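Trainee: Sequence:
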Amino acid sequence: MRMKFLNKSLLMATAAFALAACAGNAPRPATEGESLPTGDTATTTSSEDQQGQAIFVSNSLDSYRLATPEKTPQFDTAKDSGPASSVTGPQTAQESTRVVDPYTAFPDLADQVFAHANELIKAGQPDSATAYLQRFRIIKPLWATWEAKADSILNALGKERADRAKAFEPLVLEIQNMNRAQAAYSMVASTADSLIALAPGDSLTAWANAQKQTAYNNTLAKAKKEYAEIKSLADDKAQFAEAKKKASEFLLRYRDFDEVLHIQELIAHIEELAQATDAEAVKYWETNDPAQALAKADELIKAGKYADAKKLLVKLKASKLRKEANEKYKTLADTFCNEQRKATSQLFAKAQKQKDDAKKKDLLKQAIAPLDKCLSEYPDNSQKNKVVENRQFLEKELAK
Numbered sequence: 193m194r195m196k197f198l199n200k201s202l203l204m205a206t207a208a209f210a211l212a213a214c215a216g217n218a219p220r221p222a223t224e225g226e227s228l229p230t231g232d233t234a235t236t237t238s239s240e241d242q243q244g245q246a247i248f249v250s251n252s253l254d255s256y257r258l259a260t261p262e263k264t265p266q267f268d269t270a271k272d273s274g275p276a277s278s279v280t281g282p283q284t285a286q287e288s289t290r291v292v293d294p295y296t297a298f299p300d301l302a303d304q305v306f307a308h309a310n311e312l313i314k315a316g317q318p319d320s321a322t323a324y325l326q327r328f329r330i331i332k333p334l335w336a337t338w339e340a341k342a343d344s345i346l347n348a349l350g351k352e353r354a355d356r357a358k359a360f361e362p363l364v365l366e367i368q369n370m371n372r373a374q375a376a377y378s379m380v381a382s383t384a385d386s387l388i389a390l391a392p393g394d395s396l397t398a399w400a401n402a403q404k405q406t407a408y409n410n411t412l413a414k415a416k417k418e419y420a421e422i423k424s425l426a427d428d429k430a431q432f433a434e435a436k437k438k439a440s441e442f443l444l445r446y447r448d449f450d451e452v453l454h455i456q457e458l459i460a461h462i463e464e465l466a467q468a469t470d471a472e473a474v475k476y477w478e479t480n481d482p483a484q485a486l487a488k489a490d491e492l493i494k495a496g497k498y499a500d501a502k503k504l505l506v507k508l509k510a511s512k513l514r515k516e517a518n519e520k521y522k523t524l525a526d527t528f529c530n531e532q533r534k535a536t537s538q539l540f541a542k543a544q545k546q547k548d549d550a551k552k553k554d555l556l557k558q559a560i561a562p563l564d565k566c567l568s569e570y571p572d573n574s575q576k577n578k579v580v581e582n583r584q585f586l587e588k589e590l591a592k
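In terms of this note's numbering, the sequence shown opens at residue 193 and continues consecutively.
Derived by calculation from the structure, the hints in this document are not laboratory data. Predicted, not measured: the structure shown is a model, and the values here were computed from it. Hints are not guaranteed to be accurate.
[Unchecked claim] In silico lysine-lysine, BS3-like type, Cα no more than 25 Å apart, as pairs:
1. Lys436 - Lys414
2. Lys416 - Lys512
3. Lys565 - Lys497
4. Lys565 - Lys578
5. Lys436 - Lys507
6. Lys553 - Lys578
7. Lys507 - Lys488
8. Lys512 - Lys423
9. Lys414 - Lys429
[Said to hold, decoys possible] Pairwise CB distance ranges (calculated):
10. Ser574 - Gly496: 16 to 24 Å
11. Lys542 - Gly496: 17 to 25 Å
12. Asp548 - Tyr476: 52 to 60 Å
13. His454 - Ala433: 20 to 28 Å
14. Leu590 - Tyr476: 43 to 51 Å
15. Ser537 - Asp448: 48 to 56 Å
16. Ala297 - Ala460: 56 to 64 Å
17. Val452 - Glu519: 26 to 34 Å
18. Ser574 - Ala471: 29 to 37 Å
19. Lys592 - Glu418: 56 to 64 Å
Just so you know, even glycine gets a beta-carbon here, dropped at the ideal spot from N, CA and C.
My request is simple: use the sequences and hints to build the entire structure.
Mentor: Structure, rendered in structure tokens:
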């Protein structure tokens with residue numbers, strides 16, 4: 193009786209060893225209470241032996257901690273790497289709605305599978321690693337199912353998009369035609385907003401917003417050109433009344449661009465220029481030729497009669513030749529300041545040769561005076577920075 197029990201135990205151990213050796217060829221790991229499938233060459237055993245083998249195999253799988261359906265590791269795809277970790281509770285709302293990028297999630301998950309398999313191998317559990325990797329390999333049929341499902345969804349979406357495109361086509365064409373004709377931004381924006389309100393989908397919504405931006409850029413370019421023309425009426429031609437009228441109309445038509453173009457500030461600028469312009473001078477040019485006066489101012493500059501030239505040019509700023517008068521005024525300022533700088537240079541040279549400190553300082557003070565005259569007469573001249581630098585240098589020399 194005892195011998196029979198030993199023989200039976202030996203038979204069961206032999207069968208378990210054979211099954212463990214063949215684990216690498218199994219199509220999938222056995223679950224609890226399920227025996228591993230045998231090949232075509234497997235020998236037939238009695239029902240009692242088969243039952244014993246099944247019980248032993250189940251216990252063997254548990255001892256190797258193979259991945260059974262109840263023990264399959266769960267992976268957190270939000271992590272870049274690391275071993276598998278079990279999920280002990282239900283997913284949170286944030287986790288369940290998390291957007292997964294398949295281009296990174298699936299490769300990361302596969303890397304985690306291989307990492308876990310390597311850990312099993314390093315831990316001396318090659319059979320567990322084999323069964324674990326076999327479970328990974330049998331995902332292939334599921335992948336085909338997933339691809340088919342993705343194709344089905346894509347086909348449905350494609351049909352839906354085509355149907356929706358027909359419904360939205362009139363608005364799309366209208367927006368395209370308006371932008372081709374460079375219609376006002378307000379018109380394009382209104383139509384595009386109507387399209388967006390119909391919830392046409394993310395792609396068409398993005399397209400509509402892009403069309404609004406195109407219309408905005410087109411209208412802004414036109415507005416800037418008109419803005420420059422209005423400003424020129426005031427700055428260059430002294431037509432303040434006309435410029436103010438056009439600026440007010442401009443504000444009504446381009447109210448959407450007031451923050452960008454500062455139209456209110458333009459109107460204020462025109463009003464300031466009008467207030468600063470002598471009314472008598474405006475009336476003077478109604479009966480006198482500003483072109484002749486401009487030529488006379490040029491002669492005065494060449495003759496060095498700067499005060500008379502300045503007076504005449506200021507008066508000419510109230511004429512229709514305001515732009516030309518402004519340019520000539522800049523020429524006058526540069527000519528005058530150049531002469532003052534030359535005078536400063538000559539006085540500085542004398543001061544450098546002077547050995548008497550008191551006389552040297554007196555010459556330096558005299559050298560600063562022409563620069564002050566330049567800054568006083570023409571505070572906004574183009575040479576202002578150079579003049580200020582020269583003056584600062586002389587101040588340092590004077591302080592030594």
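Trainee: Could you see if the CB distance from Val452 to Glu519 stays within 26 to 34 Å?
Mentor: 29 Å, holds
Trainee: If you check the beta carbons of Ser574 and Gly496, does the distance land in 16 to 24 Å?
Mentor: With Cβ atoms ~20 Å apart, the hint holds.
Trainee: Given the hinted pair Lys553 and Lys578, is their alpha-carbon gap at most 25 Å?
Mentor: Between Lys553 and Lys578 the Cα gap is close to 22 Å, so the pair holds against 25 Å.
Trainee: In this structure, is the beta-carbon distance linking Ser537 and Asp448 contained in 48 to 56 Å?
Mentor: Roughly 55 Å apart at Cβ, these two residues keep to the hinted range, so it holds.
Trainee: Taken at face value, is the distance from the CA of Lys507 to the CA of Lys436 at most 25 Å?
Mentor: 21 Å, holds
Trainee: Please verify whether Lys565 and Lys578 have alpha carbons no more than 25 Å apart.
Mentor: The hint holds at about 14 Å.
Trainee: Taking 29 to 37 Å as the hint, is the beta-carbon distance of Ser574 and Ala471 inside that range?
Mentor: 30 Å, holds
Trainee: Should the hint that His454 and Ala433 are 20 to 28 Å apart at their CB atoms be regarded as holding?
Mentor: Since His454 and Ala433 have Cβ atoms about 21 Å apart, the given range 20 to 28 Å holds.
Trainee: Between the beta carbons of Lys542 and Gly496, is the distance compatible with 17 to 25 Å?
Mentor: 23 Å, holds
Trainee: If you draw a straight line from the CA of Lys414 to the CA of Lys429, is it 25 Å or shorter?
Mentor: Measuring from Cα to Cα gives roughly 22 Å; hence the hint holds.
Trainee: Quickly compare the C-alpha distance for Lys416 and Lys512 to 25 Å and report which way the hint goes.
Mentor: Judged against 25 Å, a Cα distance of about 23 Å means the pair holds.
Trainee: Within a Cα-Cα threshold of 25 Å, do Lys436 and Lys414 meet the stated pairing?
Mentor: 19 Å, holds
Violation of the numbered hints given earlier is absent; every hint is satisfied by the structure.
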